[in-house]
Amino acid sequence: AQSVTQLGSHVSVSEGALVLLRCNYSSSVPPYLFWYVQYPNQGLQLLLKYTTGATLVKGINGFEAEFKKSETSFHLTKPSAHMSDAAEYFCAVSDRDTNAGKSTFGDGTTLTVKP
Amino acid sequence: EAGVAQSPRYKIIEKRQSVAFWCNPISGHATLYWYQQILGQGPKLLIQFQNNGVVDDSQLPKDRFSAERLKGVDSTLKIQPAKLEDSAVYLCASSFRQGASNTGELFFGEGSRLTVL
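Top to bottom, those sequences are chains R and S. Position one of the first sequence corresponds to residue 61 (the working numbering), numbered consecutively onward. Position one of the second sequence corresponds to residue 28 (the working numbering), numbered consecutively onward.
The reader is advised that the hints may include incorrect statements.
Said to hold, decoys possible - 25 Å max Cα-Cα, derived SDA-like pairs, lysine to any residue: (1) S:K110 <-> S:L66; (2) R:K162 <-> S:A29; (3) R:K162 <-> S:Q44.
No wet-lab data here; the hints were simulated from the structure.
Based on the sequences and whatever the hints tell you, model everything.
Now the structure itself:
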């Protein structure tokens, strides 16, 4: 069975500072990996995904994540935080191919950006 | 392209009452999911449909929850009778336009927030 662990349920950074949100997964085979963002009272929106190929993936709003198979990690980063980045972020994993989409989610990390 | 539509956005009921949520996925998406998101937790899969068939309902509490997608398009999730612990946001998501590569990306609706008193 797959599982996702997000270290730190709350992360607070100053505007302009580096954002680092941590995600580790367990899976018997290399999975698809995702980061979603959820703004208050809204559904989840895809930030970025890793399926195959280059292990450093770039997403929307300046975010990127690196797939490290040896560490079973998929940490999310952004060089300079903006006030509009304040939201909840979810890491997710799914099987490949026919079962792709049936994702297992972490419990989320709430990002606060201080002025 | 229209996104995933859900209704109602908010619902407050007493325990032991019933409630139904409706979802219309993105046009052409074959796969539809219902997730339950309890406050402070990530979404948990309740049920997955492929067209009008159930692929996985292993996490659906079938004594009180039911879901259908009769024509392979929109879907309804019902809870009867509701318990206090059913208070959550119910998220509908869709994916996988048939004929395209399935890379697992989910497209979510805004969710239906249920409060059971």
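>> Hint by hint, where does the structure go against what was stated? Just the numbers, ascending.
In response: 3
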